[in-house]
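Participant: If you read the sequences in order, they're chains A and B. For the first sequence, this note's numbering begins at 85 and goes up steadily by one. For the second sequence, this note's numbering begins at 85 and goes up steadily by one.
Treat the hints loosely; a few may be bogus.
Footprint (simulated), chain A over chain B, 3 or more residues, beta carbon under 8 Å [unchecked claim]: (1) 111 to 118; (2) 221 to 229; (3) 255 to 267; (4) 275 to 284.
Hints were generated in silico from the structure; no laboratory data involved. None of the values given here were measured: they were computed from a predicted structure. Using N, Cα and C, we set each Cβ at its ideal position, and we do this for glycine too.
Protein chains: 2
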Amino acid sequence: MSTEDPTARRRGRRPAGQDTRAALLAAARAVFGENGYERATVRGIASRAGVDAAMVNHWFGGKEGLFAQAVLKLPFSPYELVTELRASPDDELGYRIVRTFLTRWDGAGGDQFQALIRSFTDHEVANSVLHSFFSGFFAELVSGIGVDREAFRTTLCASQIVGMGLVRYVAAFEPMANAEVETLVAAVGPTVQRYLTGTID
Amino acid sequence: MSTEDPTARRRGRRPAGQDTRAALLAAARAVFGENGYERATVRGIASRAGVDAAMVNHWFGGKEGLFAQAVLKLPFSPYELVTELRASPDDELGYRIVRTFLTRWDGAGGDQFQALIRSFTDHEVANSVLHSFFSGFFAELVSGIGVDREAFRTTLCASQIVGMGLVRYVAAFEPMANAEVETLVAAVGPTVQRYLTGTID
């Protein structure tokens, strides 16, 4: 990845700044759609967008991040969230995670969560997305806590958060579908908290 | 539903016994595939199979059960499980549920769980399947316990079990994908137990 300011370097010749970002998003939707997640390459997407491949890292942190924003249309980056959440005390993390995901997903109408689940119909993509999105996210959170069995804790957290999203947004299963965020924080928060810092055996 | 022995009544004229069952499964796959879950009718499926509509109740307990076996290829009926699980003490139910689902799904290679998730790409079907399979199942279990907020507890249980299946079978996310059943029972059992009988607010 280039250490230069890429928008400055490219200005005038190729799409700059937000234009680069938009061009990459459009190219990514096309290339992921045609080739699937695994066969799509960062180089191929950048080439279709007419920008340098380094722009993918610059704007999206890599292929997974690009997929998350282009295909899943996530309105937030899981990496930003880690920073935000790490500011909380360890014993409130589980509650804050549930609140944060629900608030973000609710704000976007639950649409990207549905896109996330639709991407799971492809086993390869499901694996990649869960790894990048949930596991990257939780692994980074968990690694700061100093507990045993970090990888297992990560998958436990992912299982509850994905399941909650699925029931609330995809199946729209009442009363979870329209429950208040704080009702779910109270019920599910202790689960995620235990998976992060509590006894799991 | 007929109270006669249907295999005896139909023998010689229409497919009998296991043949009826197989004919219904084949017809169901075709009709659910063409019309989706909601628009498919028991009458239409039975008609395509050349058997009486009462056979659907006889062999599958209704449309949901037929869908579960034909499309999801579940090797077991959730209704059988309720009876089996109700024999356990209430304070072991959460652990037994996790153990039972994992054992059944593992035994079938996780394939039907993948079919279950694929069916979620259709919002209507996702809703129907979750309702019939998980909610029917958990609602019946929960109603025998005598706790408050039965419907909410039902969706909480469904969210954890569906999420665990998704991470283990669809995303095949390690170390959950290959964890021992008892490792998951120890970690996830307390969650389902709390959702069934514990404090959720």
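Participant: Are the hints correct? Go through all of them and say.
Facilitator: The hints, checked one at a time:
1. 111 to 118: The restraint on the segment 111 to 118 of chain B is violated, since only 0 of its residues have a Cβ under 8 Å from chain A and three are required.
2. 221 to 229: Check failed, 0 qualifying residues.
3. 255 to 267: holds (count 8)
4. 275 to 284: Holds, because 4 residues of the segment 275 to 284 of chain B bring their Cβ atoms closer than 8 Å to Cβ atoms of chain A.
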